[in-house]
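Chemist: Top line first, the protein sequences correspond to chains V and F. Sequential numbering of the first sequence, starting at 926, is according to this note's numbering. Sequential numbering of the second sequence, starting at 72, is according to this note's numbering.
Each hint should be verified, as a subset may be incorrect.
So the derived list for chain F, only partly shown, Cβ under 10 angstroms to chain V, looks like this [unchecked claim]:
#	residue
1	81
2	248
3	261
4	262
5	335
Since the hints were derived computationally from the structure, they do not count as laboratory data. Just so we're clear, the structure is a prediction, and the values are computed from it rather than from any experiment. C-beta atoms are modelled at their ideal positions from N, C-alpha and C, and glycine is treated no differently.
So you can see what is in the structure, the chains are spelled out below.
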Amino acid sequence: MTQHDTIAGGDATSPPAIELIGITKRYGAVVACDDVHLAIRPGRIHGILGENGAGKSTLMKVLIGLVIPDAGEVRRHGTAIRINDPVAAAEHGIGMVHQHFSLVEPLTVWENVALGDVGRLDPRRVRARVGEISEQYGLEIDPDDRISDLPAGMRQRVEIIKCLRRDPEVLVFDEPTSVLSPAESEFLFNALRTVVERDGKAVALVSHRLGEVMAATDEITIMRDGRVVESLSTAEADARSLARAMVGREVSLRGDVIQTGSASDHVHRDRTAEVPVLRITDASARGRDGRVLLDRLSVDVHAGEIVGLAGVEGNGQRALGDVLSSLLALDSGRVEVESREIPTGRAGAMARAGVAIVPEDRHHSGCVLDFSVAENMFIADPERVARRGLMDRGEMARRAEALIDRFDISCAGPDAPMWSLSGGNQQRVVMARELSHDPRVLVAAQPTRGLDVGAIEYLSEQLRAAARGGVGILLISTELEEILDLSDRIVVIANGHIVGEMINADVDLERIGMLMTGAAAESGVPS
Amino acid sequence: MGDFFNALGDIATNESAYRNAIIAAVVLMLAASGELVAEKAGTINISLEGMILGGAFAAAIGQHAFGSVWVGLLFAMLAGIVVAWVQANMSHRLPADQFVVGLVLNVLVLGVVGFLASEIEPETNIVGRVRIPLLADIPLFGPALFDQPWVLYLVYPVVPFVWWLVYRTRWGLEVRAVGEDPNAADVSGLHVNKLRRQTIYLAGLTAGLAGGYFLFARAGQFEDSLVGGRGYIAIAAVIFGGWTMKGTVGGCILFGLVGSFVLTIPSLGYESVDPAFLAMAPNVVTILAMAFFATRVRQPSALARPFLRGLK
Ligand SMILES: Nc1ncnc2c1ncn2[C@@H]1O[C@H](COP(=O)(O)OP(=O)(O)OP(=O)(O)O)[C@@H](O)[C@H]1O
Ligand SMILES: [Mg+2]
């Protein structure tokens, strides 16, 4: 601890805790990292920005020993070290909080924290250590909770505790906030500040959210196509130029929308007289444990309309998505697509009725990681590339190429296995598949989670174009900016019930916020 | 059919039916306890059958050559581990499919053991019963559990010990993590494939022991048909038991009971019950039991999925 005190509150000139020198990593023809230099200093938070596939995760994996670089070296306090696996990284004082959670779901909090330690298993000591760390950094958690029962924000706390328990000098975060609500993110950054300022730890932070990088970091490195294109201190950075450096061209930012209150191009048409493409009436559903997931939820989506479903994570959004992907049956209520009632919970029924889904968790239900990019694109609807019941591989490859092109997916080709793609590019494959199906209704749950600014801009345009083409879009998002930017009409969900509705033109941010947190109930809505 | 139900009634009160049931259940329990650990770590260890058979043969050789049941049991465990070594290293070091390796191993062990047995013709015998005072006096179940060939009593320490390994030690925690989410385990610093190999060695050890036990407690003489699919039934018991030790033991007992009752019916003089029906009964019960219970349980998420770093 005393050693920490002397280096706490480091500055831009303090010697780096860890330094990457000339790191190069190739995957076949793809150069994921190309001669990258990076210095992470004690007492500082170092932000790493870049487009999807820029090589950020690869670089972080070099630090943690999950990727062995082809060239270059890692130096710790000036001496070269070898990091061949996560164990070695931990020995060198490097800990990582992963982009996709590294927790074993059926195990409890303390069991997960104990994983990777050595020596006799002493549950009492591990529990005590969890308590100690959570108190020290304000990361409250019950060590006996099962991971599968915890929401994303709590899981992240466990990840952080797991990382901190070894008292690492360097903490690596790969997109820690992509699954968090704004409040949870803020909580995370406060905890990080404590870690950095009090204990003099060094933090590397990968993120796509410019606002958050601007607010939380001390210095910033920007990567593009595996190279470092810019390194600067956060004080001299502004969001617009960061975005430009990342993408290499001008992009419009979501933040612009928030500032003006609402996007000007949402001309509201009164559609109450039209027949909606998707009508959900009084939908109620309970989970297996008897918990209420949906509570008499009703919502209409008309052709050509984007309806944004705003709400704090865990208020029934996932259940609604599950109903619309035929994974969950309703206890009561009905779902109609173009006035036809669709049975719920029957495999494939929604898809056949023309409901396309971009699921929230692409790793669980969005794609098959061991399949190729092309196979993932046609998995739901192989008839389109089949001839007399046989897959036509040539046709499949041709169509996949076209989609890869159209959605600007960076990968080795249609045959590249899905797992070799960067997180953001996997998301693009899922989007490409769903939008290429000519759906009647598109349900997009957190569609831009993990996408870079350029990709978000592009994807937003795709969604708007789909709406112009007559698709009814239900946009489920915990990011208010995204909802405001895209939706014609906004409905707010809380506790599985729609608690309020407004058109984008007369959005009242304060009221949405209150509705989301359940602080205000819409008059006339049964409680 | 009426006869059949009468027979059931008679059997349910027949001491030797229970005795035979336990003898049959214990071979399953020994094999299934190791198999459970292997499955917890993510391997469906089809070569369990071969491990038991190898164990039985090695036990026969051990007793034949050294005149000692203990040496026989030691040989049995070593033979199980030899089979396990091939299974483990083929499927969790080289990327060979675990099912293919398992099936091939079973055929291979059968061939090798059959050949050697006909060359050597080992001579062995059943070990004597040891009566545990007081406990053996419990009506109906007492003799089945506590008046048996002494090798049977090995199951009493082995099963709890394996349970303790899985649920109370660091190694067990790591095993469970590896079977549920090998990628998370890997980034947490565990050696996924090494742990999986270790669990297969453990399965080899207990399955080999099961083979030795069966030779000394029931068969007496080695034959290559001695195991007769019990390895597969042990695997079914693990699945039936929902990957818990309690459930697995329950499954072993159920399958043991059914098998024993079926054997006992003719000996009680109910000759009118169709033998074909009797032969089928254990399988029907197995399938019904699986259909009824197996849907409610969650298997280890990464069961039967090989692990390669980077495949995430
Ligand atoms: N195991 C692998 N095999 C083949 N190619 C890979 C592998 N891992 C990464 N790549 C490729 O390397 C490039 C960089 O990937 P990386 O995951 O580092 O990107 P990223 O900057 O983290 O992107 P994102 O923001 O989408 O997460 C991508 O083009 C990706 O397809
Ligand atoms: Mg990444």
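Chemist: Give a verdict on every hint.
Modeler: Here is how each hint holds up against the structure:
The closest approach between the C-beta of residue 81(F) and any C-beta of chain V is roughly 43 angstroms, which is over the 10 angstroms cut-off, so the hint fails. For residue 248(F), the suggested interface contact is upheld, since its CB lies about 5 angstroms from the closest CB of chain V, less than 10 angstroms. Annotation: interface hint on residue 261(F) holds; nearest CB of chain V at approximately 6 angstroms, less than 10 angstroms. For the restraint placing residue 262(F) at the interface with chain V, the shortest Cβ-Cβ distance is roughly 9 angstroms, inside the 10 angstroms limit, so the hint holds.
Given hint, residue 335(F) at the interface with chain V, is violated; its Cβ is 41 angstroms from that chain's nearest Cβ, farther than 10 angstroms.
Violated hints, listed in ascending order, are 1, 5; each of the other numbered hints is respected by the structure.
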